[in-house]
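Put together the whole structure using the sequences plus the hints.
Spelled out from the first residue to the last, the chains are:
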Amino acid sequence: MTIQPGISAPVISAKGLDLTFQTGDGPVHALRDVSLDIGKGEFVSFIGPSGCGKTTFLRVMADLEQPTAGQITVNGTSPEAARKARAYGYVFQAAGLYPWRTIGGNIRLPLEIMGYDRADQDARVARVLDLVELGGFEKKYPWQLSGGMQQRASIARALAFDADILLMDEPFGALDEIVRDHLNEQLLKLWDRTNKTICFVTHSIPEAVYLSTKIVVMSPRPGRITDVIDSPLPRARPLEIRDTPEFLEIAHRVREGLRAGHAYDD
Amino acid sequence: MTIQPGISAPVISAKGLDLTFQTGDGPVHALRDVSLDIGKGEFVSFIGPSGCGKTTFLRVMADLEQPTAGQITVNGTSPEAARKARAYGYVFQAAGLYPWRTIGGNIRLPLEIMGYDRADQDARVARVLDLVELGGFEKKYPWQLSGGMQQRASIARALAFDADILLMDEPFGALDEIVRDHLNEQLLKLWDRTNKTICFVTHSIPEAVYLSTKIVVMSPRPGRITDVIDSPLPRARPLEIRDTPEFLEIAHRVREGLRAGHAYDD
Amino acid sequence: ADDVTLQLKWVTQAQFAGYYVALDKGFFEEEELNVTILPGGPDIAPTQVLAGGGADVTVEWMPAALAAREKGLPMVNIAQPFKSSGMMLTCWKDAGIATPADLKNRTLGVWFFGNEFPFMSWMSQLGISTDGKSENGVEVLKQGFNVDPLIQRQADCISTMTYNEYWQVIDAGVTAEELVTFKYEDQGVATLEDGLYVLEENLADPAFVDKMTRFVRAAMKGWKYAEENPDEAAMIVLDNDQTGAQTEAHQKRMMGEVAKLTAGSNGALDPADYERTVATLLAAGADPVITMQPEGAWTHVISDAALN
Amino acid sequence: MIWLVFALVFWLGAWAFNAWLANSRWGGHRSARIAVPVIFGITLLVLWEGLVRGLGVSPVILTAPSTVAQTFSASTGILWEDFRQTVLKGALTGFAIGSAAALVTAVLIDRSAFLTLGLLPVGNFVAALPIVGIAPILVSWFGFDWQSKSAVVVVMVFFPILVNTVQGLRETDAMQRDLMRTYAAGYMQTLFKLRLPAAMPFVFNGLKIATTLALIGAIVAEYFGSPTRGMGFRISTGVGSLSIDLVWAEIFVAAIAGTSFYGIVVWIERMVTFWHPSQRR
Amino acid sequence: MRNTLPVLTVLIAILAIWYVAVAPMNIRVALDQAQRDGAALQPETALERQEVSVWSLMLHNPAQIAETYRMDRPRLPTPGQVAAELWKTTGEMALNGRAMSKRSLIYHGWITLHSTLWGFALGTALGILGAVAIVYSRVVNMSLMPWAIISQTVPIVALAPMIIVVSSQLGIQDRAVPKAIISAYLCYFPVLVGMVKGLRSPAHAQLDLLKTYNASGFQAFLKLRLPASVPYLFTSLKVGIAAALVGTIVGELPTGAISGLGARILIGDQFGTPLAIWAALVAAAVLAGVLVTLLDLAQRVTLRRMGMAP
Ligand SMILES: Nc1ncnc2c1ncn2[C@@H]1O[C@H](COP(=O)(O)OP(=O)(O)OP(=O)(O)O)[C@@H](O)[C@H]1O
Ligand SMILES: Nc1ncnc2c1ncn2[C@@H]1O[C@H](COP(=O)(O)OP(=O)(O)OP(=O)(O)O)[C@@H](O)[C@H]1O
Ligand SMILES: Cc1ncc(C[n+]2csc(CCO)c2C)c(N)n1
Ligand SMILES: [Mg+2]
Ligand SMILES: [Mg+2]
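Residue numbers (our numbering), protein chains in the order written: chain A, 1 to 266; chain B, 1001 to 1266; chain C, 2001 to 2308; chain D, 3001 to 3281; chain E, 4001 to 4310.
Please keep in mind that the hints were generated in silico from the structure rather than gathered at the bench.
No false leads were slipped in.
Chain E stretches covered by chain B per the calculated footprint, using a threshold of three residues with CB under 8 Å from any CB of chain B:
no.: 1; region: 4200–4212
no.: 2; region: 4222–4231
no.: 3; region: 4297–4308
Because the structure is a prediction, the values reported are computed rather than measured.
Heads up, the beta-carbon is just placed ideally off N, CA and C, and yes, glycines get one too.
In structure tokens:
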């Protein structure tokens, strides 16, 4: 509903998106009249109650779902063209590693598909493994690693190739708070260094506030955007920033926004 | 390591518990020298990084796992005797409802097994369904309910019979923050009213602080108790208490305790 | 009435008409017998059924019975309704076969399951090896239950019975002129077929002997009736065929041919036929069916009592 | 009588020993997992031997295992010839052709939801066709030698493998497929990097069912015509000429061959699908 | 019902291929017959034709191709011929009130069905009992499971004569009993494997739950393992009944080929009436289809009743 002008030319621009799933029990309205502009280098968090359409919105950007109405462009082209141009990396809610490939093999998968040459593959795998602190685990199979390590591997997989956009669907949902804090810090550093545009779905208010330049609050079905909060926090954010009044104020605003749309039936 | 004298005679008392799993990859030390006393009517939260042995400790109390060394008593008897006396209700990490039983049938399951008579069963099912605000859903099957509703049903199942002890393993892990807040409030009310002894595993620092009279912080493998914090918060706790300095101070102490034992390799 | 179970060698067909006629016409009943006829089939060895006590008396070919005897199963021929053999080898004439010597270097279909003995004896008498095609050998196929291998020329010759498979070749459209047949009877290697056999140990029991006497008497009455009224006999067989797949024309023709084989027999085994059968079997070269002269493989006690 | 008593006592004793072994601390050990069924098998043999001797069962009905063993060692030449004819030529060739055809067909029809929807029910239908009906037809089409046996085996193994493979190919979860989409991966890339590996546990399920079918198919088909060698040939003529000891020796070969064949497939399965939860330990 | 159209399409495709295949399959025998009737052929004699491929035979003797579609004893009958035979032995007989005559496939189908159901009942009972024993006893599991697999590598036809002899020795003259035993032998295995899977399907957590209630082993069986195994049971029952049917038909040959679809197949084979074989084969497939569909229906109803399916 609210259209936020991007910092620069919008990387992602949605206008009046509608999405209705046809199911056995009748239609499910997952998105209703969603409009949003995301500028280059922004870190946008999506927060909202379960089932409100956060994942669906991310999937529309990724051309994994077709909107029933409205327009959306990614990098100025259609999501399909962007997908075919391999413009983004996607981190799913679950790690989704292929169990028959080692951690290294999983990270190598997109590189093989995109036809990187062998030496380049090796270099990239080594680099992103270090980035997510999984050096030495290259030869292990996913099931030999803890859930947190698997999730980090799946992030590494999305970082291995050069995509300007990173779409992340609750990547840290399954992790404990300490590990999560740590990965949040790492992710911020990465973002700062690479200037990627990141869309990030989360359930955690502190996480959303800590990470984002922009927080999008969504309401339950049919999923609508109820609030878009531009964060006044600086780009450099030590963990302690979470105890500052500014932080708590934004968090409060997000919580109020969330509570407004909630009916306790879920 | 730290032995806390209980408020009254301890309901659960562990001394020097050790537990080692023998696995294909060699032994896994899940618990090492764990000692703890829990008094009647206490609300004890267990918090610690993933894989530190929280679930294992709860399972030892419930006689679902045998310690390799040390002693533990529940209600002054062995865990096995306590289990056979049906002294506790256990809420598992996943709802684990039987898909071929309705919500009502699932809650009725322990009552059938324990031989409650039919009329009593009906009354109890109705009472606990109301308690978790699922009145009217008795005849539905689990898959017809959202994850949060299923989790509430599984709590109702553990409340349906008269057990003084409630062992809860991350019961709200899968829920979004708003619903979680709501259920936290409900659980506190129930605890206040019934004076049950509750052992509660969680990953969330605010949740632990908000609910507990005592917070047990555990370190990663081999799982040890690194800190036991007695909460100075009053029994009556509105949600807003979370913004008070006392609350934040306890939260800070818990976070420090957690961070101390963490090596970021998990 | 006494119970008697008869195990046939093969499925219900006019080959066994005498027994069905005796049953249908009440000849068994007249002898105060309550007879059950068990049809045979692939995988049913009458000898084995007899040994297992599944039947009191069985229809079997003498080579198989003598072989069983050597294996330690003492079977005794108590009657021999079939005088002559109906076995023959049926070949394509255009394949260039005219005499037994032409069989060399050919593919021949043979029945196994205890029915291969006459063929083996014949080949060894001809001095033909059965280990594969060669100057002096033949390729032997275990033929199934149908005559396809001949029709489709997978074999140059197949085993047929004068009363059954031969006519199926004819029914398939082949004319008799296109075929050459070698009857075992004409080749001097005929062995006795379709006799009645019981276990030797049972013959020690006078009650059993009496029962069998009455059985053979009634059965032979059935056979003679069938010979005289072949069409009616065929219809009786047809009535008893539970599969409903047999045809009237075929059974009537079969009955006519079977009657030719039973014609010379009053039911009593002719010792000369027996001697010839034994001699044929003993003569089989490298891998003989039987290795020594059998003793007590037949008795006239029952047929004498039954037929006088 | 003494034999009966001995067999019974042996049976009870071995069972008690097995019960002890299974529940002892060696119970989970590899050697115990082999020892227990082996001891059980030996018990069956002893019981059989005892029954045959104790009840004086005629050797033309059932032979004692000791006799079978003697016959076995005396007829290794024949048994080997039959094994080659039936297992190596008939069953294995048919199995190879049938499973290869099924795999290729599965990949081909998998591209069309329509074909899959139509072919699978028909496949279940065909799988229920009795082998004794197909065998005479195929013998008449493909001749008497092993080719017709292979044809029977092909018909028998084709659909179990096809059905399992098709099911396996759709078994990848939506997220795994979406991942491939986000990489804009082509059909072949998705097939080889995702769908075939993910389908392997199912493929092997089909292959395992097919192993036992293959052997039985090749043997039964020989009942409807064969050269004068082969396991089915020997079994059917053996029954007819009351060489029951030889029949059991052949059955024994069939059981060993079938079990080893099954074992080899399981072994390959373990190597190929090492990652599947059911294979981990 | 959404797959009616695809199934029909596939069936039509199969029929089309079948129809086309008739000519090459039958051309040789048809030419042999034509030669007897004095037709001019190329090559002229059967022996010469042996050396030539069917395709060239069809090419050089196109006039005879029509003949391949109306033969009395074809190697491959046309679908139409099979349908006509099937109708003659089922529908037509039923219309004439002779559905249960021994010439009717309805009668023989019924005989086969009867034994199949007995074998199915026996095999299912064995399979379920075996599975319960395997799940509840470690020894049984370790000793029985490998032998269950080995039992399936033993060719059943080899055991058939012994089953018949032994059962007749036990005083059972009725040939339906050995038939049912053979059928059960093939049927029990899929049921056993499926039920073991099903009874073991409850997750650890579900079993732990009952442990916290101090439930007895029997309560755990009744309230958890049994209901959890129902979907697996039905899936394996569907495989099992098809196996039981095949087993019965296999068992109908060595048990005297007296009646039933198996006996029809054998007699059809022996007396050179391929149409009878094909009709019996199709009847067997239809019977299997009906049985599996019925079980599928039962599965849906049961699972819906149990709340395990929408
Ligand atoms: N493929 C689909 N078919 C039908 N309905 C769907 C489909 N995918 C999602 N939905 C429905 O659309 C709504 C939005 O789903 P979505 O997954 O986007 O929610 P979410 O905000 O990501 O929730 P969560 O926080 O639980 O992940 C939900 O009600 C969901 O049930
Ligand atoms: N049955 C088992 N066999 C072997 N190892 C086990 C078993 N159960 C648990 N473990 C191991 O013991 C350790 C403690 O596990 P536990 O489940 O108690 O952790 P937790 O603190 O509950 O973790 P989480 O927060 O992820 O639930 C882990 O390393 C786990 O891998
Ligand atoms: C397995 C087996 N194969 C062939 C025959 C041959 N046979 C012997 S008598 C007979 C009747 C003639 O029509 C036939 C066909 C058999 N009995 N059993
Ligand atoms: Mg989501
Ligand atoms: Mg846990």
